[in-house]
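Chain order of the listed sequences is A and B. Quick note: the first sequence, position 61, residue 61 per this note's numbering, numbers continuous. Just add 323 to wherever you are in the second sequence, counting from 1, and you've got this note's numbering.
No wet-lab data here; the hints were simulated from the structure. Honestly, I wouldn't trust all of these hints.
Just so you have them, the derived chain B footprint on chain A, three or more residues with Cβ under 8 Å [unchecked claim]:
(1) 57-66
(2) 182-194
(3) 219-229
(4) 243-252
(5) 309-316
Partial selection, computed: residues in chain A whose CB lies under 8 Å from chain B [claimed, not checked]:
(6) Asp2
(7) Arg263
(8) Glu267
(9) Leu269
(10) His270
(11) Met273
(12) Pro286
Within a straight-line C-alpha distance of at most 30 Å, the following computed DSBU-like cross-link-like pairs (lysine-lysine) qualify [said to hold, decoys possible]:
(13) Lys271/A <-> Lys622/B
(14) Lys337/B <-> Lys388/B
(15) Lys387/B <-> Lys433/B
(16) Lys100/A <-> Lys65/A
(17) Lys582/B <-> Lys433/B
(18) Lys3/A <-> Lys491/B
(19) Lys388/B <-> Lys3/A
(20) Lys299/A <-> Lys100/A
(21) Lys3/A <-> Lys326/B
(22) Lys308/A <-> Lys594/B
(23) Lys388/B <-> Lys622/B
(24) Lys308/A <-> Lys259/A
(25) Lys200/A <-> Lys3/A
(26) Lys326/B <-> Lys168/A
(27) Lys491/B <-> Lys434/B
(28) Lys388/B <-> Lys427/B
(29) Lys622/B <-> Lys582/B
(30) Lys200/A <-> Lys326/B
(31) Lys90/A <-> Lys110/A
(32) Lys413/B <-> Lys271/A
(33) Lys3/A <-> Lys110/A
(34) Lys299/A <-> Lys594/B
(35) Lys337/B <-> Lys423/B
(36) Lys337/B <-> Lys631/B
(37) Lys110/A <-> Lys168/A
(38) Lys111/A <-> Lys100/A
(39) Lys523/B <-> Lys326/B
Backbone N, C-alpha and C define an ideal beta-carbon position, used for all residues, glycine too.
There are 2 protein chains.
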Amino acid sequence: MDKAPWITYRPELKVLDATVRDGGLINNSRFDDNFVRGVYETCIAAGVDYMEIGYKNSPDVFPKKNYGPWRHCEEEDLRRIVGTNDTNLKLAVMADAGGKCNYKRDILPKKDSVLDLIRVACYVHQIPDAIDMIEYCHELGYETTCNIMAVSIAQEVEVQQAVEEVAKSSADAVVVVDSFGAMYSEQIRTLVNRYMMAIKGTGKIVGIHAHNNQQLAFANTIEAIVCGANFVDATMAGIGRGAGNCSMELLLGFLRNPKFHIRPVWEFLHKVMPTLPEDIEWGPYPEYIISGQMNQHPKDAIQSRASKDSNFLEFYDECIRDM
Amino acid sequence: MDKAPWITYRPELKVLDATVRDGGLINNSRFDDNFVRGVYETCIAAGVDYMEIGYKNSPDVFPKKNYGPWRHCEEEDLRRIVGTNDTNLKLAVMADAGGKCNYKRDILPKKDSVLDLIRVACYVHQIPDAIDMIEYCHELGYETTCNIMAVSIAQEVEVQQAVEEVAKSSADAVVVVDSFGAMYSEQIRTLVNRYMMAIKGTGKIVGIHAHNNQQLAFANTIEAIVCGANFVDATMAGIGRGAGNCSMELLLGFLRNPKFHIRPVWEFLHKVMPTLPEDIEWGPYPEYIISGQMNQHPKDAIQSRASKDSNFLEFYDECIRDM
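From just these sequences and the hints, can you work out the full model?
Listed below in structure tokens is the structure:
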């Protein structure tokens, strides 16, 4: 007799909402307080485990005149929304390796912050920098993850080495990141299996962060879960750079743990999401499908969509010519 | 060493374009000739194997005053678009079991028709009727398939029996149809594996027709292909009832057989798709996500979206109350 594992659940599986962080790549992190508070309250009501409230980027590199508060996540901005956050929801920020984050200056000791988790994002070649950041933040008292980006264009031996380095570090989790929305389920399976193998016995967990260029963000997230990933990213309505991410309303419909509640998410989508300015756009538009299929960074696709002179057929031809 | 099967292909895998047939459920099959001819020419240029040009429904049940020509697919309407169709593209229609199609009157002998394939759609309880239709059409000289619909609400023993009956028939293929867009990849895998087992040794093939309520139509189509399905449905831009179907532009990006060409599809989407009236709507909107998650027929979701007084939060609450 076949089994029906999809109606069961793993209590240890954690969901992270990345709405304000990844969505902030669309609008330079200029969400108003009402929106961010809406996400916060929705996460609490929905039983979400972590909310990634923005980037911990350096104001030297991302000047405050061009970027909103959720690009720097200073303590007073955080507390304006969450107070002392006396809830079960943990708060996360993303800190990029490679000089985008002045972490020794800008990340406070855990005891002075409402943040719980620092997610260190890096490319494979930045692993040593990322590990330094992870160890530093771990020493400060935070949970940490290592999010290795753009693995669809990295050498497999480099990815393997990177994950093995993370396995030796203090990171609590290592996250598979399909930055370009280029990967099919078989590739996700291969990668998650490798990550699972590399961290075996360390007590660490594997996460997944998928992009929706080919309408596969949710499917790839499911695939990762089936393979054992227990730290799963989603965003409200799938908001995120370019094609966006795995939608929270899809993910919570799949997860069977009764601690999760989907209605608060529908309520947020009905009441708060429409307050966003109309020029904030994301989704699996043709340009993003094309960049995903070609395993490319979405920046050219974003530029093409922003230009009035361009259309996706021209964009396709351009990509073909440039290959 | 891991393998990378996703960069190889199976020459025997066939693609069917269901744009005009499934899309016709949105507008009572009232596409203009320019649109239908555009799909036809695009399928030829893209290397698609079959084009399903509409339904072979009875004008008694679907009166001509309410439904366009692609609901009945009379020979003169077909020939106005395709002439004698001296191309490699085969033409298909869908004929519903259960009295919607007066097949003994309306389906001509193959020698008098430009059609190549009759796809008989049925629910599990209509299998005997469907088999009669299949045998009749087979005798007339057509290729035939049996598309068993709504399997996500059918008893497994009934589905199993149905597929075994089809395996004994003259049908060339049996198609897994996720009518409600309710199924996850693990369920698709289970079903396709069962269908594959049931037809083993008969020379028949298995097909997949997925709906996109949960943004899983493309992913589930890939899953079916990985499990051995060799007859695969897609539509231009995913057009189809409710949430729509697997998008041709996604599918052809995944398939590696060099006989397929994606550019003609982008060209169609750029030039012809925008000629559709603005009120023709499809996609994974919240109402369709909800009906997919609840494994329900999309008709209530379609009605809710059409009503000005309704919104998806109310629709969600209604669905919960009604369960």
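Structure-based check of each hint:
no., hint, result
1, 57-66, "violated (count 0)"
2, 182-194, "holds (count 5)"
3, 219-229, "holds (count 5)"
4, 243-252, "holds (count 3)"
5, 309-316, "holds (count 4)"
6, Asp2, "holds (5 Å)"
7, Arg263, "holds (7 Å)"
8, Glu267, "holds (6 Å)"
9, Leu269, "holds (7 Å)"
10, His270, "holds (4 Å)"
11, Met273, "violated (10 Å)"
12, Pro286, "holds (7 Å)"
13, Lys271/A <-> Lys622/B, "holds (25 Å)"
14, Lys337/B <-> Lys388/B, "violated (35 Å)"
15, Lys387/B <-> Lys433/B, "holds (24 Å)"
16, Lys100/A <-> Lys65/A, "holds (17 Å)"
17, Lys582/B <-> Lys433/B, "holds (27 Å)"
18, Lys3/A <-> Lys491/B, "holds (28 Å)"
19, Lys388/B <-> Lys3/A, "violated (49 Å)"
20, Lys299/A <-> Lys100/A, "holds (18 Å)"
21, Lys3/A <-> Lys326/B, "holds (27 Å)"
22, Lys308/A <-> Lys594/B, "holds (17 Å)"
23, Lys388/B <-> Lys622/B, "holds (22 Å)"
24, Lys308/A <-> Lys259/A, "violated (46 Å)"
25, Lys200/A <-> Lys3/A, "holds (26 Å)"
26, Lys326/B <-> Lys168/A, "holds (28 Å)"
27, Lys491/B <-> Lys434/B, "holds (26 Å)"
28, Lys388/B <-> Lys427/B, "holds (23 Å)"
29, Lys622/B <-> Lys582/B, "violated (38 Å)"
30, Lys200/A <-> Lys326/B, "holds (23 Å)"
31, Lys90/A <-> Lys110/A, "holds (13 Å)"
32, Lys413/B <-> Lys271/A, "violated (48 Å)"
33, Lys3/A <-> Lys110/A, "violated (44 Å)"
34, Lys299/A <-> Lys594/B, "holds (25 Å)"
35, Lys337/B <-> Lys423/B, "holds (27 Å)"
36, Lys337/B <-> Lys631/B, "violated (41 Å)"
37, Lys110/A <-> Lys168/A, "holds (22 Å)"
38, Lys111/A <-> Lys100/A, "holds (24 Å)"
39, Lys523/B <-> Lys326/B, "holds (26 Å)"
Taken one by one, the earlier hints fail for this structure at numbers 1, 11, 14, 19, 24, 29, 32, 33 and 36, listed in ascending order.
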